[in-house]
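**Q** Sequences listed follow chains A and B, in order.
Remember, the numbering used here sits 354 above the position in the first sequence when you count from 1.
Remember, the numbering used here sits 27 above the position in the second sequence when you count from 1.
Source of the hints: derived by calculation from the structure; they are not laboratory data.
Keep in mind that the hints are not guaranteed to be accurate.
[As the list claims (entries may be wrong)] Okay, derived cross-link-like pairs now, DSS-like style, lysine-lysine, Cα gap no bigger than 30 Å in a straight line:
1. B:Lys126 <-> A:Lys374
2. B:Lys29 <-> A:Lys432
3. A:Lys549 <-> A:Lys735
4. A:Lys780 <-> A:Lys563
5. B:Lys126 <-> A:Lys432
6. B:Lys66 <-> B:Lys126
7. B:Lys32 <-> A:Lys640
8. A:Lys742 <-> A:Lys780
9. A:Lys540 <-> A:Lys735
10. A:Lys537 <-> A:Lys640
11. B:Lys66 <-> A:Lys640
12. A:Lys432 <-> A:Lys489
13. A:Lys640 <-> A:Lys563
14. A:Lys640 <-> B:Lys78
15. B:Lys78 <-> A:Lys432
16. A:Lys742 <-> A:Lys732
17. A:Lys374 <-> A:Lys537
18. B:Lys32 <-> A:Lys432
19. A:Lys640 <-> A:Lys740
If you're wondering where the values come from, they're calculated on a predicted model, not measured in any experiment.
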Amino acid sequence: MSIIEQIEAQITQLSTRATKRNTGTIRAVADGVATIDGLSAVMYNEMVRFPGGAIGIALNLGETEVGTIVLGDISQLKEGDEVQTTGRLLSVPVGKTLLGRVVDALGNPVDGKGPLDAKETYPVERIAPGIIARKSVSQALFTGIMAIDSMIPIGRGQRELIIGDRGTGKTAIAIDTIINQAKINKIGLASGDPKFRPVYSIYVAVGQKNSNIVRTLSTLEAAGALDYTIIVAAPAADNPANQYIAPYAGAAMGEWFMENDMDALIVYDDLSKHAVAYRQICLILKRPSGREAYPGDVFYLHSRLLERAARLDGKGSLTALPIVETQAGDVSAYIPTNIISITDGQIFLETDLFNQGTRPAVSVGLSVSRVGSAAQIKATKQVGGKLKGELAQFRELAAFAQFGSDLDARTKAQLDRGSRIVELFKQPAAAPIPIEQQVVTLWAMQNGYYDDLALKTVAPAAASLRKFFTARQTALLDEIRTQAKLDATTEARLKTAADEWKTTQPKT
Amino acid sequence: MKPDKASRQLARQLYTLSLAADGRVSPERVTGILACLEKNPPPRRHLPTLKAFRALVATALARGEARIEHAGPVSAATIQTIAAAMTARYGRPIAPSAKPNPALLAGIRVRVGDDLYDTSVSARLAGLAAREG
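Hey, can you work out the whole structure from these sequences and the hints?
**A** In C-alpha cells, the structure reads:
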C-alpha cells in the first residue's frame, strides 16, 4: 500500500459521510450459488458482500436478478437477506510471506500457523500478458525426472499438461518437480551466485480428498520443499465456488512472483475436477449446457487460466503444470482435448506401463513438449538428444518382436538397448535426480557402461554410479552443472571417473 | 419460481404501457391494465405475467421514492432537504417516505431503489466488527 493509500485509508475510517452502496435481496441460495433481486448497479465479476461476512462474485447479470457464487459459509444465508456491492474485484494476498503456508481459495491461512502478514493483494481474475510483453521460452525448468528432462523438457514459462488415468502417478510427477525446485534453490542460494534465479512453487489442490492434501503437505515438508511452496487448498468437501476460484487465486499468487522478476511454478491438481465444479455452478445458474453438460465457455475457463502462465520480457516467469485425469485412457474426451490444445505439450501417463512397473509411467510416444530442446541445456542435448527416437523405435520393434522369435542381431541389439533405457528411466517417487547426475547417468548409457549388465541390475548400477560421482567427483558434477555442456576435457574426466566406478562393480 | 420468458416479455410490454408521458408509472394506467387483464387473462400465463409485472412496477416505484429510516426524531424540513438532494442527484423527482427504526441506534438510512445511503451507528458498528474480524 502506497503512502497516499495509507492516508486515504485513515481518512475513510474517520469520515462520517454517508456511504453509498447498491443493494439487493437474496431470492434463492443453492450449492454455492445465490440468486439476488436488485443489485441494479453491480458489475460483472464484482465482489458482493453477504450478511455474516461471506462474499460472492456476480457471474450472471440479468434484467431483474443477479446470479452470484458464494465463497465461504452459505449455511447462514437465507431468503430476504440483504446483499451489498463493494465496487471491488475479488483479490487474494500475495508475496513471499505465503511461502510455507497452506491457504484456502481466498488466501486465508488454514494451517493453524497464525495470520498472514501479506502487504499486497492481487485480483483473482486478471487479463493474461499480451504478445509484446512475452518472451520465448528458453530457460530450462528441471523436473528431476530423467525421462522428462531428457525427452520432454519443460521450460520456464511453459504450460505442460500432465495427463493420465487415476493412480498413474500424475501428482507424484508434479510433487517431484516441486521438490527438485526446492533442492536447486537451496544449492543456488547457498552458492551466492547473483545470476541464480530460484523457482517458487504453488500447488493448487482442487476437489481432492483432505487426506491427499495432507499427504502432499507431509511429502513436501519431509523433503524440505515447503519453505519454497504455497499450497492453495480447495478440497472436495469445499463449496464448488471455492473449487472454481482456487486455480485463479493460485495464478494471482504466481503472477506476483512473475511481475516481481522472479520465477514461479504452479501446479493445478486437477483441472478435470475444476471443470466439474464449474459445470455444477453453471447448471445451478441455469446457463445453457453443451457437450457432457459443460457450459459453452468451459474452454475459456481454462484458456484464460493457462494463458496467465508466461515468460515476461524483462521480468520473471510463471510455469504451469496442469493435471487432467482421463477415464480409461481416453484423451479424446472434452476436457482433455481442450487442455491439450491450450498447453505447450503433455506428459501422458499410461496405466499399463505403471502396472508393468515402469514408473514414472511416461508414454514416450504420446508425450510431447512443443518448446522442445529450446528448454534444454546443451549437456542434456548431447547425451539424450536421440533418446526419444531410440525409445520409439524400441516400442515399435518390441510390439513386432512379440510375433516371432527369429530376430537378426541388429534388431536384438536395438531391443536390448531399448529395454536398458526403459530400466534406466525407472525412478522412485519423491527422489528427483539433479540434472548433472542425469547427464552422467545418460552419458554412461550412451558409452556402453551398462551394456554388460543384467537388465534387472541396470537401475541399481545407475544409482551406484550417481552415488560414486556424488561422493568422489563433486567438482566434476559442479562443473557440468555450471557449464551446462560437455566438452572434450569434461568427457575425458567423465571417462576416467566412470572407468574407476566400473572397477568397483561386480563382474557379471 | 422465475416467470417464463414469454410472461416476462408480456410483463415488460405491460410495464411500457403503464408509463406516463413523463416516464413515471401512472397509477391510472396500471389500474386500466389490471382491469383489462382481468377481463382478458392471457392463457396459462396470467399469474406469472402479473408477478413479473408487479416486480417491474415495484422496482420503478422504488426508484422514485426515498425511503428514509431514522433512529431519533427527524424534522419535516430535514426530510424535504433529503428528498431535494436525492432529486438533484438522480435527476428525477424523488418522493420521501419516513419511517422510524430504533435498530439503527442513531443516524439515518436512505434507500432509493437499490441504492442505500447509510450514516447509521449500527452500520458503523457492523463495519467495525467486520474489520476486526
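**Q** Straight-line Cα separation of Lys32 (chain B) and Lys432 (chain A) no greater than 30 Å?
**A** holds, 26 Å
**Q** Given the proposed pairing of Lys66 (chain B) with Lys640 (chain A), does the C-alpha separation stay at or below 30 Å?
**A** violated, 35 Å
**Q** Is Lys78 (chain B) close enough to Lys432 (chain A), meaning Cα to Cα at most 30 Å?
**A** With a Cα-Cα distance of about 21 Å, the restraint between Lys78 (chain B) and Lys432 (chain A) holds, given a limit of 30 Å.
**Q** Between Lys32 (chain B) and Lys640 (chain A), is the straight-line Cα distance small enough, at 30 Å or below?
**A** It holds: about 13 Å lies between the C-alpha atoms, which stays within 30 Å.
**Q** Quick one, are Lys640 (chain A) and Lys740 (chain A) close enough, alpha carbons at most 30 Å?
**A** Answer violated: Lys640 (chain A) to Lys740 (chain A) is near 53 Å, above 30 Å.
**Q** For the pair we were handed, Lys549 (chain A) and Lys735 (chain A), check the Cα-Cα distance against 30 Å.
**A** Satisfied, since the Cα-Cα distance of roughly 23 Å is no more than 30 Å.
**Q** Are the Cα atoms of Lys640 (chain A) and Lys563 (chain A) separated by 30 Å or less?
**A** Distance of about 28 Å is within 30 Å: holds.
**Q** For the pair we were handed, Lys29 (chain B) and Lys432 (chain A), check the Cα-Cα distance against 30 Å.
**A** holds, 18 Å
**Q** Decide if the proposed pair is consistent with the structure: Lys374 (chain A) and Lys537 (chain A), CA atoms, cutoff 30 Å inclusive.
**A** With a Cα-Cα distance of about 52 Å, the restraint between Lys374 (chain A) and Lys537 (chain A) is violated, given a limit of 30 Å.
**Q** Going straight from one Cα to the other, do Lys432 (chain A) and Lys489 (chain A) come out at no more than 30 Å?
**A** This hinted pair is violated, its Cα atoms lying about 50 Å apart.
**Q** Does Lys732 (chain A) sit within 30 Å of Lys742 (chain A), going by the straight-line distance between their CA atoms?
**A** It holds: about 16 Å lies between the C-alpha atoms, which stays within 30 Å.
**Q** Has the given pair, Lys780 (chain A) with Lys563 (chain A), been kept, meaning a C-alpha gap of at most 30 Å?
**A** Distance ~28 Å between Lys780 (chain A) and Lys563 (chain A) Cα, so the pair holds.
In the structure shown, a violation is registered for the earlier hints numbered 6, 10, 11, 12, 17, 19, in ascending order.
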